[in-house]
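Novice: Assemble chain A onto chain Y, guided by the hints.
Those sequence lines, one after another, are chains Y and A. For the first sequence, the residue numbers in this note's numbering are 1 to 112. For the second sequence, the residue numbers in this note's numbering are 113 to 226.
Calculated from the structure, these hints are not laboratory results. All of these numbers come straight from a predicted model, not from anything done at the bench. There's no promise every hint is true.
What the hints assert, rightly or not - Below are the DMTMM-like pairs computed for lysine to aspartate or glutamate, each with C-alpha atoms no more than 25 Å apart in a straight line: (1) A:K123 to A:D198; (2) A:K123 to A:D175; (3) A:K123 to Y:D38; (4) Y:K70 to A:E214; (5) Y:K51 to A:E214.
What the hints assert, rightly or not - Output of the computed footprint for chain A on chain Y, the stretches with three or more beta carbons under 8 Å from beta carbons of chain A: (6) 31-40; (7) 83-97; (8) 101-112.
Said to hold, decoys possible - Partner residues aside, some chain A positions facing chain Y, computed with beta carbon under 8 Å: (9) D168; (10) L172; (11) F216; (12) F217; (13) G220; (14) T224.
Heads up, the beta-carbon is just placed ideally off N, CA and C, and yes, glycines get one too.
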Amino acid sequence: GQQLNQSPQSMFIQEGEDVSMNCTSSSIFNTWLWYKQDPGEGPVLLIALYKAGELTSNGRLTAQFGITRKDSFLNISASIPSDVGIYFCAGQSLNAGNMLTFGGGTRLMVKP
Amino acid sequence: GAGVSQTPSNKVTEKGKYVELRCDPISGHTALYWYRQSLGQGPEFLIYFQGTGAADDSGLPNDRFFAVRPEGSVSTLKIQRTERGDSAVYLCASSLDSWNTEAFFGQGTRLTVV
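Bound conformation, chain Y alone (with noise of 0.2 Å):
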C-alpha cells in the first residue's frame, strides 16, 4: 500500500528557532495536509494544498506542495513553547478514494 515517509522523527529545538519537516512517498498524491497532535487529543488540520508547486501560509506556517507531488514540506517560524506536539502530513490520492495515508509523525519539543 501507500506510505509516507515523514521525517525527522523528533525534533528538540530553541524558542525562536525555525523548524523544518518534509514528508516524501513512493505514489503521487493530489492533495496534502498537514495536522497537529497534542497529548489525547485529535490531529487539528493546520494546512491544506491542492496544487502542485502551491505554497500556502497560516500565521508562522508554511507548507508547499511539491511539483512531483510525491513530497510536502512543512516550516514554522520563530517557534514558540505552544508549538510542542507532534505533526502528521496526510497524502489523498484520486485512486485511494476519500482516504487519507498518514506519516509517521515529527514530534517537536521547544526549550524555552
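Specialist: Here is chain A on its own, set in the frame of chain Y:
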C-alpha cells in the same frame, strides 16, 4: 455541534467482549471517517461513509469490525470479540462532503483491551 464529538473518551474492556464507539460529526458534514491510531504512529484508515452508506471499508482489519451510520449523522464503530491487539485510539473525522478532503477530527476514544 461545534466539533466532532466521540464517546466514550476512554474504554477498558476484557478480551472477548463486544464494544461500541460513538461518533457525532460536525453538523452538516455528510462525509464521516474512522481511523485507528496505535501508540507512536500516524492514524490508519478504517472506513469512510458518505451519507448513510459505507463508501469504502477497505481499512477494516477483519470481520470483527463493523460500522454503521443509519441516519447519515451519528456513527457507531462496533468491535466483536475484542483482542488485546485492538487496543488503540479510535479517531473519527468528518468533512463537508465527499469532494472536500479537509477532515476534522474528534478527540478519539482510547480503547484498552485487557
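Novice: Would you mind confirming whether the straight-line C-alpha gap from Y:K70 to A:E214 stays at or under 25 Å?
Specialist: holds (19 Å)
Novice: So if I understand the rule, the pair passes when the alpha-carbon distance is 25 Å or less; does Y:K51 with A:E214 pass?
Specialist: Distance of about 14 Å is within 25 Å: holds.
Novice: Count residues of the segment 31-40 of chain Y with a Cβ under 8 Å from any Cβ of chain A, then say if the count reaches three.
Specialist: holds (count 4)
Novice: Does the interface hint hold: is A:L172 within less than 8 Å of chain Y, judged Cβ to Cβ?
Specialist: violated (12 Å)
Novice: Does Y:D38 lie within 25 Å of A:K123 when you go C-alpha to C-alpha?
Specialist: holds (20 Å)
Novice: State whether the coverage of the segment 101-112 of chain Y by chain A holds or is violated, taking the criterion as 3 or more residues with Cβ-Cβ distances under 8 Å.
Specialist: With 5 residues close enough to chain A, the hint holds.
Novice: Hint check: is the beta carbon of A:F216 less than 8 Å from a beta carbon of chain Y?
Specialist: Holds: closest Cβ of chain Y sits about 6 Å from A:F216, inside 8 Å.
Novice: Regarding the hint that A:F217 lies at the interface with chain Y, is the smallest CB-CB distance below 8 Å?
Specialist: Holds, about 3 Å.
Novice: Given A:G220 as an interface hint, is the shortest Cβ-Cβ distance to chain Y below 8 Å?
Specialist: holds (5 Å)
Novice: For the hint on A:D168, does the least C-beta distance to chain Y fall short of 8 Å?
Specialist: Where the cut-off is 8 Å and the nearest Cβ of chain Y is about 5 Å from A:D168, the hint holds.
Novice: Given the proposed pairing of A:K123 with A:D198, does the C-alpha separation stay at or below 25 Å?
Specialist: holds (12 Å)
Novice: Go through the hint on A:T224 and say holds or violated, using the shortest Cβ distance to chain Y against 8 Å.
Specialist: violated (14 Å)
Hint violations for this structure: numbers 10 and 14, all remaining hints satisfied.
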